[in-house]
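J.: Based on these hints, arrange chain B with the ligand on the given structure of chain A.
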Amino acid sequence: MNYDLSQEQQMLKDAAHRFLVKECPSTFVRQMAEEESGHNPELWKKMADLGWTGLIFPSEYEGSEASFLDLAVLLYEMGYVCLPGPFLATMEGGLTVLEAGNDFQKKDYLPKVASGEKLMTLAWTEQEGSYAIATRAEFQDTHYLLTGTKLFVPDAHLADTLICVARTKQDGAEEIGLFLVDGKALGVKIKVLPTLSGEKLCEVTFDQVHIPKENRLGRPGQVGAVLDKIFHMAAVAKCAEMCGGAQRVIELVMVQAKERVQFGHPIGSFQAVQHHCANILTFADTSRFMTFQAAWKISQGLDFEKEAAMCKAWVSESHRRLVALAHQVMGGMGFMEEHDLQLYFKRAKTAELAFGDADFHREQVAQKMGL
Amino acid sequence: MDFDFTKEEKELIAEVRAFIDKEATPELLAETRQLGLIYGGPEGRKFIKKFASHGWLTPNWPKEYGGLGTSEMVTYLIREEMAYSGLPCIFVGAHMAGPAILRIGSPEMKKEFLTPLAKGEIEFALGYTEPQAGSDLVAMKVRADDQGDHFLVNGQKTFNTHCHVADYHWLAARTDPEAPKHKGISMMIVDLKSPGITIRPLITMAGWRTNEVYYDNVKVPKKNLVGEINKGFYYMMSALDFERMAPPGVYRNLFDEIVHYAKSTQAGGKPLSQNPLIRQKLAQMAIELDVARLLYYQLAYILDKGSIPNYQSSMEKLFVTELSQHITETGMEVLGLYGLLKEGSEWTPLAGKVEHFHRWSVVETIYAGTSEIQRSIIAQRGLGLPRQ
Ligand SMILES: Cc1cc2nc3c(=O)[nH]c(=O)nc-3n(C[C@H](O)[C@H](O)[C@H](O)COP(=O)(O)OP(=O)(O)OC[C@H]3O[C@@H](n4cnc5c(N)ncnc54)[C@H](O)[C@@H]3O)c2cc1C
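Line by line, the protein sequences are chains A and B. The first sequence maps to residues -16 to 354 in my numbering. The second sequence maps to residues 14 to 401 in my numbering.
Any given hint could turn out to be false.
[What the hints assert, rightly or not] Straight-line alpha carbon distances no greater than 25 angstroms define the calculated DSS-like cross-link-like pairs of lysine-lysine that follow:
hint, chain 1, residue 1, chain 2, residue 2
1, B, LYS194, B, LYS244
2, B, LYS318, A, LYS(-4)
3, B, LYS283, A, LYS351
4, A, LYS289, B, LYS23
5, B, LYS35, B, LYS132
Honestly, the hints are just simulated from the structure, not real lab data.
The shape of chain A in the complex, shown without the other chains (with noise of 0.2 angstroms):
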């Protein structure tokens, strides 16, 4: 067992660090809420020059071959000053691509996202809120007609390309079948929905969508393999941002408890906030551990996909009783818009609604120990 980050780990953090507490003020992070864009070209830009797009792609895409631990160090930077934009969306729809594509479309999409000059996003969540696929495809000889309605796609109004997730038939039978499709394609309707946080979700709508047949990607019969996987790692994802983002209240947080007096005495010296703390502490060092721990089953090809759930589940849980917790201990001041901790407690729900709760996981954890 190795509980610490390599050096070159410790040196990409360190950078990372860095840079995105310079770039992204929670300033930013507020005016990014409420534009409706939630994206700065030229931060993108120099995300990329840092190679941060291409960190996780192999070099024959010009990529820096990192593991998915590197890009979980990665992630937990972003969480930690609240970064907004397509990031996240944009790995996502590369590691599809990664993982499903032929070489044509791997060789097609892959070096575009490296460099940071695509977008891309997966269309995946229907109107029902579910992974129960309505979305349809209809096989018309050369092309395929895509129609339905899909909800909560991250980014969407960004991407150059979407991946949508549809049923399909193939030799006559049903299917699921992943399509990717131009974001400007006629057909296409993306409207950004008001959230929580102010981060992009959107409303996607695919009317008669024209998609040539070469669009479609992975073979027949692997593409729910190819999204089980793709989720389990987004959700370890969310979790490393989780765990990023709980290092910053921790920090909110200990400023207030050490330097607030009140009875005479600076509050962090009173047993009931220190008890608060301890608890903070404790979710916050247990779900790092259980994040890195999916994140390095993930970089070492092993089969991840319970640690992915129990992590999940745990951090889903831990981070939002973490923050509930520091806002016990912050007091009145930390329900103030112009406080930090409320762009933590806002991003602390998005994420754990993302790519399934602690329920939904440990649904999964159930089945995979065979109950």
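T.: Chain B with the ligand in isolation, oriented as in the chain A frame:
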């Protein structure tokens, strides 16, 4: 990062497992459970000598004192395996007093105690708590007066588990009544057969025994003073850090049995494990057990790096003991009314373990420092919050 064990560690633990499979007789397991997971009965003593002859009781100790000079990780793995297997797994000598002697004992003391401890020939009992000094250990009053070549000890200890089966008392006593409270305490090793010691049983609501111990003019030779005089409080605190490294194995085992029960027991024509609520609860426990595992092995990792865990041992103690209670509660919920049945009825599931551990787990968050004390330590040492 690396969340797996090395090949050597896996090989060693396989060897230990094979040994345990062969040697853990039903008699030994029954005796251990009856004694409260401590050793001291005839079967336990026989077993532990054989086990320790491989160096497995104290693998991380240096070879000259009967250890194998291995990593802490190996030690932690073995302890977890013992706990999981239902064997005696609470060793005051090997895991709490011994490490302190290794670090602060005189050469003579090391020679006298360490090898017999490593061989499983002798055992210690912890002697900290007194009627008025529980969480507030510095309030202790048992006195040890300097009489030239020996101390004369008088007073009362309470909740001193193991004393009725152990050979030595790891005793904290006041050697300087004038000094500030935490500067007048010393640690000493007392032969429990010394004249003047009376041990009275205190039976817990789980049926397991702890003791009251009375000292009436008990002579303790000076050579049995541990480390320096009046520094006992600091030694006690660091020994407590070692006490607070609880392997989750006992409850991991109980959990596995509960899962097995849920899968194999029908209710309303379906296995209990198909009930969505039960699935949620069992999955949650599996997750918490994994968290506990990571906290537990983190301690070994820190020790192997050459540091002493700080707030992390309190966090592990807190987490594992609260988990113990979650697991027995979950067990009760899965078993329903059957959970009330004690060992001995033909209707009793899982040999009454759920019922028994449900009673026992209450104390997990109290002894070795209550959860409140652990949380204060985490806040003060882990986050630097001020004391009042
Ligand atoms: C079964 C069993 C076995 C034991 N084995 C041993 C043993 O082998 N050797 C040994 O020396 N001792 C042993 N103990 C003693 C054990 O360590 C003490 O019981 C424990 O430390 C708590 O002390 P107390 O019972 O006096 O409770 P108290 O200290 O009276 O505590 C009562 C309550 O007050 C709270 N409290 C006290 N002080 C504070 C504070 N500063 N801040 C916040 N809350 C506080 C506690 O958390 C608790 O909720 C054992 C106890 C039991 C029950």
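J.: If a hint holds in the structure, say so; if it doesn't, say that too.
T.: Hints, one by one, checked against the model:
no.: 1; hint: LYS194/B <-> LYS244/B; in the structure: holds, 11 angstroms
no.: 2; hint: LYS318/B <-> LYS(-4)/A; in the structure: holds, 22 angstroms
no.: 3; hint: LYS283/B <-> LYS351/A; in the structure: holds, 19 angstroms
no.: 4; hint: LYS289/A <-> LYS23/B; in the structure: holds, 21 angstroms
no.: 5; hint: LYS35/B <-> LYS132/B; in the structure: holds, 20 angstroms
Hint compliance for this structure: no hint is broken.
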